[in-house]
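Novice: The hints should help you fit chain E onto chain D, whose structure is shown.
Heads up: the sequence lines are chains D and E, in that order. The opening residue of the first sequence carries number 1 in my numbering; numbering runs sequentially from there. The opening residue of the second sequence carries number 1001 in my numbering; numbering runs sequentially from there.
Calculated cross-link-like contacts (lysine-lysine; reagent style DSSO-like; alpha-carbon spacing at most 30 angstroms):
1. E:LYS1222 to E:LYS1212
2. E:LYS1190 to D:LYS148
3. E:LYS1222 to E:LYS1145
4. E:LYS1190 to E:LYS1212
5. E:LYS1190 to E:LYS1145
6. D:LYS87 to E:LYS1066
To be clear, the hints were calculated from the coordinates, so they are not data collected in a lab.
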Amino acid sequence: MSSSDQGKGSGVLDSQERERFEQLVLPHLDAAFNLARWLLRSRTDAEDVAQEAILRAYRFFGGFHGGDARAWLLQIVRNTCYTWLEKNRPLEMKTEFDEELHSQPGTTPESLAIASDNRERLTRALETLPARFREVLVLRELEGCSYKEIAAITAIPIGTVMSALSRARHRLQQALTQRAPEEATREL
Amino acid sequence: MSCEHAGAILHGYLDGELDAARASEFERHLEICPECLSALEAQETLRTALQRAQLYETAPVALRGKIRSSLPAAKPVGFGLRWMSMRWLALASAALLVAFIGWRLVPNFKGENQYQAAEMIDAHLRSLQAGHLTDVTSTDQHTVKPWFDGRLDFAPPVRDFTNDGFPLQGGRLDVLRGRAVAALVYGRRKHIVNVFVWPSSEPDVAPLEGSKLGYQWIEWRKGGMQFCAVSDTSASDLEQLQRLISQ
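Just chain D, same shape as in the assembly (with noise of 0.2 angstroms):
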């Protein structure tokens, strides 16, 4: 975990910061499991990893020093997922690193539309993509971050969260659009 999302914490807090824990904290449990839900891409340890991600944001929150509450715990929680991930699914982590896009796909708004309309797919779609693709997606469209807000979950440079986006949505597309005619004629 990189430094800033934690200072040294006791462990335990005192009654007033639990309150200002609780308030501020706790409000973004569902912004927690719904990341860990996508990077995982299951419910189930979703739960684990958000309680646990929790836990450790309430064991350091004696580093918060205010501000955007919500992008501090996803920070955490984001970290808290490739730890697990490392640890329980080795080899998932090993082979999402090819990312050369050389074609472009050729599709039109009306066939993506067809592609995309289909909650299903999309799920299946974006589920086939690299983590840290996976990763802006989901919080730039399902959790509505400004790019400021993603640099600093991800820790990535700011300045390349707009390329990291346009790639990770040339991924989707063609994961759509690859993926419709093989379905198109099993629906046949």
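Specialist: Relative to the frame of chain D, chain E by itself:
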């Protein structure tokens, strides 16, 4: 601007993250580059699809309780304070209980709310027809608020939230259930949010949200005013706006 550069810029534009100069430069580029225009449309389609699919997964209700009870107990800060916070905790749990009961009762009202939501969505759609969106077009709350004076029998709260990503675009009069209401118009990236406001003598009600036909709505009552926000933006965006308005 060459199209190679437009590739990533397009996303900054889509996300409303470009500064004004770069945004207008890109808009000029769009006029002469059908390729980029089509790519932008494709991205808008994708975004709408992602939002309509409602992929956001909220935490199971039980997880909240589980986490609360697993947090280490707080250190006391002296008897007086501790006593205060015990009372505070008792108050908070009472409030939670009330909220929980309220939440359990919500499905009973669902029918009525669905009906109301349909009305709000109709009004939202009407407003999007050309020339119907705003009667007073201004990003200045001090222009929009006085405009309602004399046009309504109440003064709707009007505030601009540009700094929080919801720029005020203006206001208009609308009619819902036979009564004149204020409609405040906010932008959210490329989406429009209509916030309908009218007075109510009923007690405050916590936000209740739902979606219909790909539109999100969130309704609440606070300080003698009934609010309903409708948009095709995400549920989390509407929740954020609800919090801003209620502050």
